[in-house]
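Chains as they are written, first to last, in this note's numbering: chain A, 1 to 314; chain B, 315 to 645; chain C, 646 to 961.
Hints are computed from structural coordinates only; laboratory data are not their basis. Beta carbons: idealized from backbone N, C-alpha and C, even for Gly. It is possible that some hints are incorrect.
[Unchecked claim] Under the rule of at most 27 Å between Cα atoms (straight-line distance), these lysine-lysine pairs were calculated in the DSSO-like manner: (1) Lys438/B - Lys233/A; (2) Lys233/A - Lys3/A; (3) Lys438/B - Lys3/A.
[What the hints assert, rightly or not] Estimated spans, in silico, between C-beta atoms of each pair: (4) Gly6/A - Ala536/B: 53 to 63 Å; (5) Asp723/C - Leu9/A: 51 to 61 Å; (6) Ser441/B - Arg8/A: 49 to 59 Å; (7) Ser682/C - Trp161/A: 51 to 61 Å; (8) Arg616/B - Leu692/C: 50 to 60 Å.
Here is how the chains run, residue by residue.
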Amino acid sequence: MSKVIGRRLLLTIPLLFFVSLIVFALAQLVPGDPAVTIAGEQATAARIEEIREKLGINDSTLVQYGRLVGGLVQGDLGTSLYSEQKVTDALFTALPITLSLAGLALLFVIVVGIPFGLLAGTRPGSLLDRILTAVAALGVAAPGYWVGILLIIVFGLGLGWFPTGLYVPFGESPTRWLYHLILPAFALSLAGIVEVTRQLRSSMRDAMTADYVRTARAKGLRQRTVVLKHALKNAAVPLVTVLGLQVNVLLGGAIALELVFGFSGVGALAVRAVQNRDIPVIQGIVLLSVVVVSLSNLLVDLAYGWLNPKVRAQ
Amino acid sequence: MSEPPLLEVTDLDVDFATDHGWERVVNHVSFTVDRGETLGLVGESGSGKSVTCMALTALIPMPPGRVAGGSVRLEGRELIGMPAAELEQVRGAEVANIFQEPMTSLNPAFTVGEQIAEMVRRHKGLSRRAARGRAVEMLDRVGIPNASRRAEEYPHQFSGGMRQRVMIAMAVSCEPKLLIADEPTTALDVTIQAQVLDLLRDMQAELGMSVVFITHDLGVVAHSCDHVVVLYGGRVMEEAPIDELYFRPAHPYTEGLLTAMPQIGPRAGRLASIPGSTPVPSSLPAGCVFNPRCPYVVERCREGEIPLVEVGPGHRSRCVRVSELNLVGTS
Amino acid sequence: MADRADVAVPTGPEVWRRHAQDHRVEQSLDESSAPLSARARFLRRFLQQRPAIGALTFLVLIVLAALFAPLLAPYDPDQNDIRNLLSGPSGDHWLGTDHLGRDTLSRMLYGARVSLLAAVQAVSIALVLGVVPGLLAGFFGRWVDVVIMRATETIMTFPPLLLAIAIVAVRGPGLFNAMLAVGVVFAPRFARLVRGLVLGVREETFIEASRSIGTPAHRILRRHVLPNILSPLVVQISLALGFAMLAEAALSFLGLGVRPPEASWGALLQVAYNNINRNSFQAIPPGVAIMLCVLAFNLLGDGIRDSLGKEIRRGT
Numbered sequence: 001m002s003k004v005i006g007r008r009l010l011l012t013i014p015l016l017f018f019v020s021l022i023v024f025a026l027a028q029l030v031p032g033d034p035a036v037t038i039a040g041e042q043a044t045a046a047r048i049e050e051i052r053e054k055l056g057i058n059d060s061t062l063v064q065y066g067r068l069v070g071g072l073v074q075g076d077l078g079t080s081l082y083s084e085q086k087v088t089d090a091l092f093t094a095l096p097i098t099l100s101l102a103g104l105a106l107l108f109v110i111v112v113g114i115p116f117g118l119l120a121g122t123r124p125g126s127l128l129d130r131i132l133t134a135v136a137a138l139g140v141a142a143p144g145y146w147v148g149i150l151l152i153i154v155f156g157l158g159l160g161w162f163p164t165g166l167y168v169p170f171g172e173s174p175t176r177w178l179y180h181l182i183l184p185a186f187a188l189s190l191a192g193i194v195e196v197t198r199q200l201r202s203s204m205r206d207a208m209t210a211d212y213v214r215t216a217r218a219k220g221l222r223q224r225t226v227v228l229k230h231a232l233k234n235a236a237v238p239l240v241t242v243l244g245l246q247v248n249v250l251l252g253g254a255i256a257l258e259l260v261f262g263f264s265g266v267g268a269l270a271v272r273a274v275q276n277r278d279i280p281v282i283q284g285i286v287l288l289s290v291v292v293v294s295l296s297n298l299l300v301d302l303a304y305g306w307l308n309p310k311v312r313a314q
Numbered sequence: 315m316s317e318p319p320l321l322e323v324t325d326l327d328v329d330f331a332t333d334h335g336w337e338r339v340v341n342h343v344s345f346t347v348d349r350g351e352t353l354g355l356v357g358e359s360g361s362g363k364s365v366t367c368m369a370l371t372a373l374i375p376m377p378p379g380r381v382a383g384g385s386v387r388l389e390g391r392e393l394i395g396m397p398a399a400e401l402e403q404v405r406g407a408e409v410a411n412i413f414q415e416p417m418t419s420l421n422p423a424f425t426v427g428e429q430i431a432e433m434v435r436r437h438k439g440l441s442r443r444a445a446r447g448r449a450v451e452m453l454d455r456v457g458i459p460n461a462s463r464r465a466e467e468y469p470h471q472f473s474g475g476m477r478q479r480v481m482i483a484m485a486v487s488c489e490p491k492l493l494i495a496d497e498p499t500t501a502l503d504v505t506i507q508a509q510v511l512d513l514l515r516d517m518q519a520e521l522g523m524s525v526v527f528i529t530h531d532l533g534v535v536a537h538s539c540d541h542v543v544v545l546y547g548g549r550v551m552e553e554a555p556i557d558e559l560y561f562r563p564a565h566p567y568t569e570g571l572l573t574a575m576p577q578i579g580p581r582a583g584r585l586a587s588i589p590g591s592t593p594v595p596s597s598l599p600a601g602c603v604f605n606p607r608c609p610y611v612v613e614r615c616r617e618g619e620i621p622l623v624e625v626g627p628g629h630r631s632r633c634v635r636v637s638e639l640n641l642v643g644t645s
Numbered sequence: 646m647a648d649r650a651d652v653a654v655p656t657g658p659e660v661w662r663r664h665a666q667d668h669r670v671e672q673s674l675d676e677s678s679a680p681l682s683a684r685a686r687f688l689r690r691f692l693q694q695r696p697a698i699g700a701l702t703f704l705v706l707i708v709l710a711a712l713f714a715p716l717l718a719p720y721d722p723d724q725n726d727i728r729n730l731l732s733g734p735s736g737d738h739w740l741g742t743d744h745l746g747r748d749t750l751s752r753m754l755y756g757a758r759v760s761l762l763a764a765v766q767a768v769s770i771a772l773v774l775g776v777v778p779g780l781l782a783g784f785f786g787r788w789v790d791v792v793i794m795r796a797t798e799t800i801m802t803f804p805p806l807l808l809a810i811a812i813v814a815v816r817g818p819g820l821f822n823a824m825l826a827v828g829v830v831f832a833p834r835f836a837r838l839v840r841g842l843v844l845g846v847r848e849e850t851f852i853e854a855s856r857s858i859g860t861p862a863h864r865i866l867r868r869h870v871l872p873n874i875l876s877p878l879v880v881q882i883s884l885a886l887g888f889a890m891l892a893e894a895a896l897s898f899l900g901l902g903v904r905p906p907e908a909s910w911g912a913l914l915q916v917a918y919n920n921i922n923r924n925s926f927q928a929i930p931p932g933v934a935i936m937l938c939v940l941a942f943n944l945l946g947d948g949i950r951d952s953l954g955k956e957i958r959r960g961t
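Given only the sequences and the hints, what does the whole structure look like? Please build it.
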């Protein structure tokens, strides 16, 4: 177990190096004189100088990169160009909102996608299988934020069953937190549910025709045991891969949904930062997303080890 | 005398669904297995021998497969149409299977000990601990050294021969009355084959069970069977006690198989395999299904359904020319 | 022919040996009919894929609608009509009007141009940025492969939309920058696909043979490798077009893509969302259009993949 973690962390080092390069390059790639471009043509000389100072572009490239890495090591991501707020503070205010949204969506993906996938995969060609396949094709093509808008129209504006916005912190009221999150989390989870259903359907179909499943049936095990123990544990390997990728997808999808539902999470922060060309904030968000994705990859690796003894042995 | 045989298969028909409708893969197959007896089910791949045996306990996938007719009686109880829950109690406990591919027949995600223990728990109602103990005991009995340690290992840590021993340990762990061994040695090295065959015979003697031995290799049959049923194109072509079949084959197909068998001694020479390939169920020839590959074919062979006729005590053949041909067996 | 029981029929191993010989001769005389060309086989299989045919027909119609938007659109897409703000569907305005009274149907037709063109642009950029490194990585292997693959892995670590947003942040909002960003995000997927395919093709002996007689690398790539990986690449392009369409819509919806008054379907969705309290219907047409187009690209890609021979399909 610790070996897996160790190897993964070791692999993270070159990754972090590449990521730091990319993050650094973001600031370097701003066309023209970055300070002027960012401040706008009409900005005063003092304002341009202030941005120049904040970006630290008076120094040589190497010094700038050194400062970025130095800051990263100390957990310092710099200061927003538009407010005096530290980037880390802005991120930590926004993060719980995004994590709540993405986390609940992931839960939906798991508790809805897995049963659907099992049902479709163990009864290939059945009516249920065909309905799920058709719905899945539509679900993967529908943008999550549009689904969110439709949910707002139907369940918010039309029926009035759910609120159409406003995030309530978990600490304030867990029930209202959930109540306000249900619509956006469901909209966010739809694509993931579809992906999980499809993947599990196909890997369960393969597993159900595998020789070891025939053996399990020949042993006189209950159908339930054959499906949920013998077939599922093997079919779960590709499923875990898909779930890992979903973390990525959910973080991306959360951006637009936060805007639709008026949540001031990381996504909303990102959109505002892009409109203002607030480069330090963008850099911070990109880094944060890499950390979250790396953590989820680590979890995926650990799950592989448990599911597949061959991987563990290596 | 009134006691029924252990297994009685009568006129079994098995179909598989294809794009062109149902295709008959097993056609009116009948045989019986007595207590303690070993029956050889012989044929090339595609002859329907595996499907026949998997249909006995409804192990063929349904759909696309279906049992279209016939009866399978285990100690007089009808297995065809038995409710699924009841059939689960028969599988493993009374009728156990060993499959051809030891590499893929064990679940890669569980330890071999767990895979044996879960079966014992299911049928014998043992506790988790006791079942684990039973698993180790069985592994030891099939000759796996360090059984208690090996029980904690996964299938990929075993060699092919060792995996097949695990399969045997698992199959006999609930002391079944009938063991169906589907080409249990085909995927193994020649030296390992003999060991596994010996092990199977030992276990059979120890537990007094009957065995249905599926193989394409008549050499293996000679080693271990009392009776032989030869299948071709989903039909029984010949059925005989082992010596009869070897010395007095009554069907050209059997003769062909015997000729194709590797021989030791003065007659050893180049093998003459049966030319052509087994027919697909959708395009079976009229008359005798073997006629396109038969060197003795005449006009009569190409028309009508050929009956299975008695040619000696316990010896039947499905050949119209059986009385005029003087087929050569082994000496 | 004598066929009576008292006439001894020859039997035994000798019969079988002769029988086998006869059979071999027969078989060699029995030549199988000439196989269909690969293209004909593909077409025949493809024509049997009903969803893919439907998808292709739909996409052709959408492209035609976009091309002939000036002829088809009942109104000027930018023409305001203050008496008709946010109206529902009617005889005059089939899909209603937006908050400035502009005809939604006309804006949808013109929006199709922007959305389709943007998708094509993004995928072209992704192809340029992805195929070449993929070819190099697969063909040369060793450190070239390691560096290129590490780079693609790094890019793929980022949530796609977030990375695109970051690139837009640097380059500034606008449709071309947005599509550049989408292209960069998708390029690693092409690179990895192409690399895998090249590795597969490289194993085959004919390339080894070309190499050993000293054909230059670029010639091998063009003559032997590219034709073999084209089909799986087409499948991926179709799927990528769907992805690019979704990404463009998302970026424009966030206000980071196309600039007003020009509008893509995503931008129309943004306008509709801003006025959702007064007229909900406006959110339906652009969303449905995006969904159907993406669905069509996906179905088309699946259909092409399923029509390719198994031997080629392996690559995807």
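*Which numbered hints fail*: 3, 6, 8
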